[in-house]
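Asker: Here's the letter readout for the chains.
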Amino acid sequence: MRDVTGGRQGPASIRVHDATKVFSPGTPNEKTALRKVDFALEDGEFAVVIGSNGAGKSTLLNALAGEVLLDSGEILVDGRDVGSQPVYRRAKLISRVFQDPMVGTAPELSIEENLAVAVRRGKRKTFRLGLNRRKREYFRERISVLGLGLENRLSEKVRSLSGGQRQSLALIMAALLTPRLMLLDEHTSALDPRAAELVLKLTSDVVTGDKITTLMVTHNMQHALRFGTRLFMMHEGGIVLDAPADEKAGLTVNDLVGRFLVTNDKMLLG
Amino acid sequence: MDFVDIYFNLFTVSLVQGAIFAFPALAVMIPFRMLGLPDLTSEGAFPFGAAIVATFTVAGFDPVVSLSAAVLFGFVVGAATALIHLYLRVPSLLAGIIVLTMLFSINIRVMGKPNTALFDNDSIFTLTLGAEGGEPWTQFALILALVLAFLAVFYWFLNTELGMALRCVGANQTMSRAQGIPTHYYIVAGIAMAGGFSAFGGAVMAQHQAYADVNMGVGVLIVGLAATILGETLVGRGTLVRQLVAPVVGSLAYFQVVAVALALGLKPSDLKLLTGLFVLITLATPILLRAKR
Ligand SMILES: Nc1ncnc2c1ncn2[C@@H]1O[C@H](COP(=O)(O)OP(=O)(O)O)[C@@H](O)[C@H]1O
Ligand SMILES: [Mg+2]
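Taken in order, these protein sequences are the chains called A and B. Per my numbering, residue 1 is the first one in the first sequence, and the count goes up by one each step. Per my numbering, residue 1 is the first one in the second sequence, and the count goes up by one each step.
Looking at chain A on its own, in the form it has when it is part of the complex (with noise of 0.2 angstroms):
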């Protein structure tokens, strides 16, 4: 049997191991987007990934939805290698919001038939209706802890909805059923401050309040560092810094500027 706890207490939910892929090897614009990544998730875990354009961590957030197949290395889930499934079979056990808000909800679709399709996130669809009146019932509840008044507004096409009311959507969508894994790719970065301020709110609510074990990428020092039980740093495909609660606590936007810099001129020097 594989130790498939990390090293750590408590059963690791999700583990990375030795996740490898490399972009258009043997051309010149080969490039190493993953090298041997290797980690693992504690159930509820909500860790942060901050690091450099181009250091990987849109890659490994793809890697685990199943956008991007591995060249080599493992991806567990609760000690079930999932790395070879299409990412619609993976949906059963992770949901995720993008980056664009555009992306994550069908604009022709009213919100509740968003809400309805996501509340069957991975299971057999079958010939009964996917709305009713107790369906409706839950959602409207479900989207009103957001505050937007969605919820008076459920057969609104979401084609109608600002980029902060979507990804607000989208948030909730992806934990209607809790998923074992959540995927946050810089889901604020399209929005306004102000809009920005509210979903990570909201994130953070949802993804403490059902225990999500999640993996938020963000570009935003200060968020990394309010939010989070865990914080990583990638630099050229690698993890550079593994910092757990207590450590992340201590750290300071400076302190993260400085890691950067020196791994900046690690690379620079060697």
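Keep in mind that the hints were calculated from the coordinates and are not lab data. Some hints here could point you the wrong way.
Stated by the list, open to error - Stretch-level coverage of chain A by chain B, calculated; a stretch enters the list once three of its residues show a Cβ under 8 angstroms from a Cβ in chain B:
1. 101-111
2. 119-133
3. 140-148
As the list claims (entries may be wrong) - Lysine to aspartate or glutamate pairs mimicking EDC-like chemistry, simulated, CA-CA at most 20 angstroms apart:
4. 92(A) <-> 210(A)
5. 92(A) <-> 161(B)
6. 113(B) <-> 270(B)
7. 248(A) <-> 42(A)
8. 113(B) <-> 161(B)
9. 92(A) <-> 81(A)
10. 36(A) <-> 108(A)
11. 123(A) <-> 156(A)
12. 135(A) <-> 161(B)
13. 135(A) <-> 156(A)
14. 123(A) <-> 213(B)
15. 36(A) <-> 236(A)
16. 157(A) <-> 161(B)
17. 211(A) <-> 74(A)
18. 125(A) <-> 213(B)
Said to hold, decoys possible - Part of the chain B face toward chain A, derived, beta carbon under 8 angstroms:
19. 68
20. 112
21. 113
22. 114
23. 117
24. 119
25. 120
26. 121
27. 162
28. 165
29. 167
30. 172
31. 174
32. 175
33. 179
34. 210
Note that the Cβ used here is the ideal one computed from N, Cα and C, for glycine as well.
We have chain A; now place chain B with the ligands onto it with these hints.
Answerer: The following block gives chain B with the ligands in isolation, referenced to the frame of chain A:
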């Protein structure tokens, strides 16, 4: 005086035509609007449905069984286009052209000749409207009832979990996959349904004119497109009901416009040119308006 007379004569016949063409119009609308994937298969599925219904009828099957067979084979043809597109990576338009081209030969094989007369055979028209097959008015009522029945079932389906997933795939494939929907299966099913609709239209057409011909499909696609666009300008497409009703209303309106044009002395052979121009103008208008700004 002349115009009124001719138009009056054409009026009910055009209603019947419009009702029949509502089926291929729906078959054009489904891939274009609901799946966001342009598809030409309906042009081939229409005569294929006619050939199937003719062959089954001549073989002695009753009209309803023959029509059902046409729908079933229409599914297969639509699915074939989608599979060629998805798994052989052929652009959807080219996949449709390949399929409809091959269908021309298949249709002749199926019937054993380029056309089949059904003058002495039963149809849904003789079955329900008497041995003579009814008058244009009653024929129109019958076909419209069929259209509405199909629409009702389709509307119900689109509101089931499966149908909602289908619409979701049409709206956003990346999101659909992330929600656990195997998009390929749904695209195949959606295009297959469009094939079924078109084949059914062709089959009803063959029963109505008691005649199936391999060339029946020529121009069906552009008529379906014109009907969809015309219908959408008349009833809009803001809701699911409007989107579904638009091709039907559009098809009925289209054939009335055609009747007026013919009554004004236009040659039937000019119609395809005018229909093409109509589609071109509606497609180009937004672009030209934007360029002017
Ligand atoms: N589909 C792809 N094809 C080729 N190169 C890619 C692809 N996706 C990402 N890359 C490259 O891999 C590296 C890591 O990218 P990414 O994971 O998007 O970085 P980050 O999200 O940390 O900014 C970058 O150099 C990027 O150019
Ligand atoms: Mg990125």
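Asker: Next step is simple, just say for each hint if it's right about the structure.
Answerer: Structure-based check of all given hints:
Counting residues of the segment 101-111 of chain A whose CB lies closer than 8 angstroms to any CB of chain B gives 7, which reaches the minimum of 3, so the coverage claim holds. Counting residues of the segment 119-133 of chain A whose CB lies closer than 8 angstroms to any CB of chain B gives 11, which reaches the minimum of 3, so the coverage claim holds. Coverage of the segment 140-148 of chain A by chain B is violated [criterion: at least 3 residues with CB-CB distance below 8 angstroms; count 0]. Restraint check: the Cα-Cα separation between residue 92(A) and residue 210(A) comes to about 17 angstroms, which is no more than 20 angstroms; the hinted pair holds.
With a C-alpha separation of about 16 angstroms, the suggested pairing of residue 92(A) with residue 161(B) holds against the 20 angstroms cut-off. Pair hint residue 113(B) plus residue 270(B) does not hold up; C-alpha atoms about 28 angstroms apart against a cutoff of 20 angstroms. Only pairs whose Cα atoms come within 20 angstroms are accepted, and residue 248(A) paired with residue 42(A) is accepted, the gap being roughly 16 angstroms. With a CA separation close to 44 angstroms, the supplied pair residue 113(B) and residue 161(B) exceeds the 20 angstroms bound.
Under the criterion of a C-alpha separation no larger than 20 angstroms, the hint pairing residue 92(A) with residue 81(A) is consistent with the structure, at around 14 angstroms. As the CA atoms of residue 36(A) and residue 108(A) are separated by approximately 41 angstroms, the hinted pair breaks the 20 angstroms bound. As the CA atoms of residue 123(A) and residue 156(A) are separated by approximately 25 angstroms, the hinted pair breaks the 20 angstroms bound. As the CA atoms of residue 135(A) and residue 161(B) are separated by approximately 12 angstroms, the hinted pair is consistent with the 20 angstroms bound.
Restraint check: the Cα-Cα separation between residue 135(A) and residue 156(A) comes to about 16 angstroms, which is no more than 20 angstroms; the hinted pair holds. A threshold of 20 angstroms between alpha carbons decides the hint, and for residue 123(A) with residue 213(B) the separation of about 46 angstroms lies outside it, so the pair is violated. For the given pair, residue 36(A) sits about 11 angstroms from residue 236(A) by alpha-carbon distance, which is consistent with the 20 angstroms threshold. Our distance criterion of 20 angstroms between C-alpha atoms is met by residue 157(A) and residue 161(B), whose separation comes to about 18 angstroms.
Simply put, residue 211(A) and residue 74(A) have alpha-carbon atoms about 24 angstroms apart, too far for the 20 angstroms limit, and the pair is violated. At most 20 angstroms may separate the alpha-carbon atoms for a hinted pair to count; residue 125(A) and residue 213(B) exceed this at roughly 40 angstroms. With its C-beta approaching chain A no nearer than about 20 angstroms, residue 68(B) sits outside the 8 angstroms limit, and its interface hint is violated. At about 39 angstroms, the closest approach between the beta carbon of residue 112(B) and any beta carbon in chain A exceeds 8 angstroms, and the interface hint on this residue is violated.
Contact between residue 113(B) and chain A, as hinted, is not supported at the beta carbon level, the nearest pair being about 41 angstroms apart and thus beyond 8 angstroms. The beta carbon of residue 114(B) is not positioned within 8 angstroms of any beta carbon in chain A (closest approach about 41 angstroms), and the interface hint is therefore violated. Hint status for residue 117(B) relative to chain A: violated, with the closest Cβ pair at about 41 angstroms, above 8 angstroms. Nearest Cβ of chain A to the Cβ of residue 119(B): about 41 angstroms, over the 8 angstroms cut. The hint is violated.
Taking 8 angstroms as the C-beta contact cut-off toward chain A, the hint placing residue 120(B) at the interface is violated, the least distance being around 41 angstroms. The beta carbon of residue 121(B) is not positioned within 8 angstroms of any beta carbon in chain A (closest approach about 35 angstroms), and the interface hint is therefore violated. Because the closest C-beta pair between residue 162(B) and chain A is about 5 angstroms apart, less than 8 angstroms, the hint holds. Taking 8 angstroms as the C-beta cut-off, the interface hint given for residue 165(B) holds, the closest approach to chain A being about 5 angstroms.
This hint holds: residue 167(B) has a C-beta 6 angstroms from the nearest C-beta of chain A, less than the 8 angstroms allowed. This hint holds: residue 172(B) has a C-beta 5 angstroms from the nearest C-beta of chain A, less than the 8 angstroms allowed. Because the smallest distance between the Cβ of residue 174(B) and any Cβ of chain A comes to about 5 angstroms, under 8 angstroms, the interface hint for this residue holds. Hint status for residue 175(B) relative to chain A: holds, with the closest Cβ pair at about 6 angstroms, below 8 angstroms.
This hint holds: residue 179(B) has a C-beta 5 angstroms from the nearest C-beta of chain A, less than the 8 angstroms allowed. Evaluation of the residue 210(B) hint against chain A yields a violated restraint, the C-beta minimum of about 37 angstroms exceeding 8 angstroms.
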